[in-house]
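One line per chain: the protein sequences are P and S, in this order. Going by the numbering used here, the first sequence opens with residue 1457, and the numbers climb by one from there. Going by the numbering used here, the second sequence opens with residue 1457, and the numbers climb by one from there.
The reader is advised that the hints may include incorrect statements.
Copies of the same chain are indistinguishable here, so a pair counts whether it falls within one copy or spans any two.
Okay, derived cross-link-like pairs now, DSSO-like style, lysine-lysine, Cα gap no bigger than 30 Å in a straight line [to be verified]: (1) K1551 <-> K1503; (2) K1503 <-> K1532; (3) K1616 <-> K1532; (4) K1503 <-> K1583; (5) K1503 <-> K1539; (6) K1551 <-> K1538; (7) K1616 <-> K1539; (8) K1503 <-> K1557; (9) K1551 <-> K1616; (10) K1503 <-> K1616.
Read the hints as simulated data drawn from the structure, not as lab findings.
Chain residues, written in single-letter form:
2 protein chains.
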Amino acid sequence: MSEESRKERRVLVAVDESDESMYALSWSLKNIIFQNSSDTLILLYVKPHHHDTYTHLDSTSIMDDPETPGHVLSPKASAAIKKYSQDVVDCVLQKSKRMCKDLENVKVETQVERGNPRDVICEMSRKLNADLLVLGSHDYGVMKRAFIESVSEYCYQNVKCPVLIVRKRKPHAGPGN
Amino acid sequence: MSEESRKERRVLVAVDESDESMYALSWSLKNIIFQNSSDTLILLYVKPHHHDTYTHLDSTSIMDDPETPGHVLSPKASAAIKKYSQDVVDCVLQKSKRMCKDLENVKVETQVERGNPRDVICEMSRKLNADLLVLGSHDYGVMKRAFIESVSEYCYQNVKCPVLIVRKRKPHAGPGN
Chain P
1457 MSEESRKERR VLVAVDESDE SMYALSWSLK NIIFQNSSDT LILLYVKPHH
1507 HDTYTHLDST SIMDDPETPG HVLSPKASAA IKKYSQDVVD CVLQKSKRMC
1557 KDLENVKVET QVERGNPRDV ICEMSRKLNA DLLVLGSHDY GVMKRAFIES
1607 VSEYCYQNVK CPVLIVRKRK PHAGPGN
Chain S
1457 MSEESRKERR VLVAVDESDE SMYALSWSLK NIIFQNSSDT LILLYVKPHH
1507 HDTYTHLDST SIMDDPETPG HVLSPKASAA IKKYSQDVVD CVLQKSKRMC
1557 KDLENVKVET QVERGNPRDV ICEMSRKLNA DLLVLGSHDY GVMKRAFIES
1607 VSEYCYQNVK CPVLIVRKRK PHAGPGN
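Excised from the complex, chain P in its bound form:
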């Protein structure tokens, strides 16, 4: 590990409410991020469009989000959904930051964006000049994966920096977990 490579290294970890993303963060903290280094760890949470589209509604408006069918919600319901959505974000980021509490000189930043996760992750990797993008990955079968793995597949194909895909091993998968 050369000193040169320890300067201003920016590691972007996409976090969400899944165990897989928390495992990816945990693995990175053990294997990628260096204590007392000048690394910057950026925790990125992307709210999908549907996450809080309701928050843009008043009691009579129709959702104009292209990814979501139209609904009418009362201000009370809208506020409840907005609160729930924000609680999820806060919970994930708080949990992620707790996992980073032992890092000393490493800067930990959080970023919350909204949009299609795969597009936002790629865009933020560029905007934030990430030197490494870390993504969690599910251990699905081939058929299920064809749909669910699209974020990590898309990102690794479209992000310019190195991409680390951390698949949470099943307990029986053997050593190295």
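Dock chain S against chain P, hints included.
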């Protein structure tokens, strides 16, 4: 970086004659492998079937390799191709080991296997209990990538351990290279 995670960490790097695989190894040496750690770095070279199929021929035999059309070769031509094939392997492994010469306590092992690279890389990741698989990746366009990226795509989908895909950035691609 906890002490625990530094114990017996086995990093498998697939190397070949491409600049991309050498860049992936170089990036890993700066960002993944730790000086004075007890990491084991395994350099894996996979000879594709066609690489030295000729070496199994005598002057009258027909190739029986399912992936290669049949040919008849003189012993001299067969020997020349065999030597060239071995020279390529030796050259890649020597270059790779030279890049690792500054590592102190890190064990560096080399492994040469023969077969379909994507299958062999996945198989060896399991057999060698790799904690991390590192692959180089080309920066091709979408159409070209659809064919050429199959090794890294297949591996990241089929290997149980974390997979680091290092794409060699084009010079204009910005910082973090």
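- Task: Enumerate the violated hints, using their earlier numbering and listing them in ascending order.
- Result: Failing hints, ascending: 3, 7.
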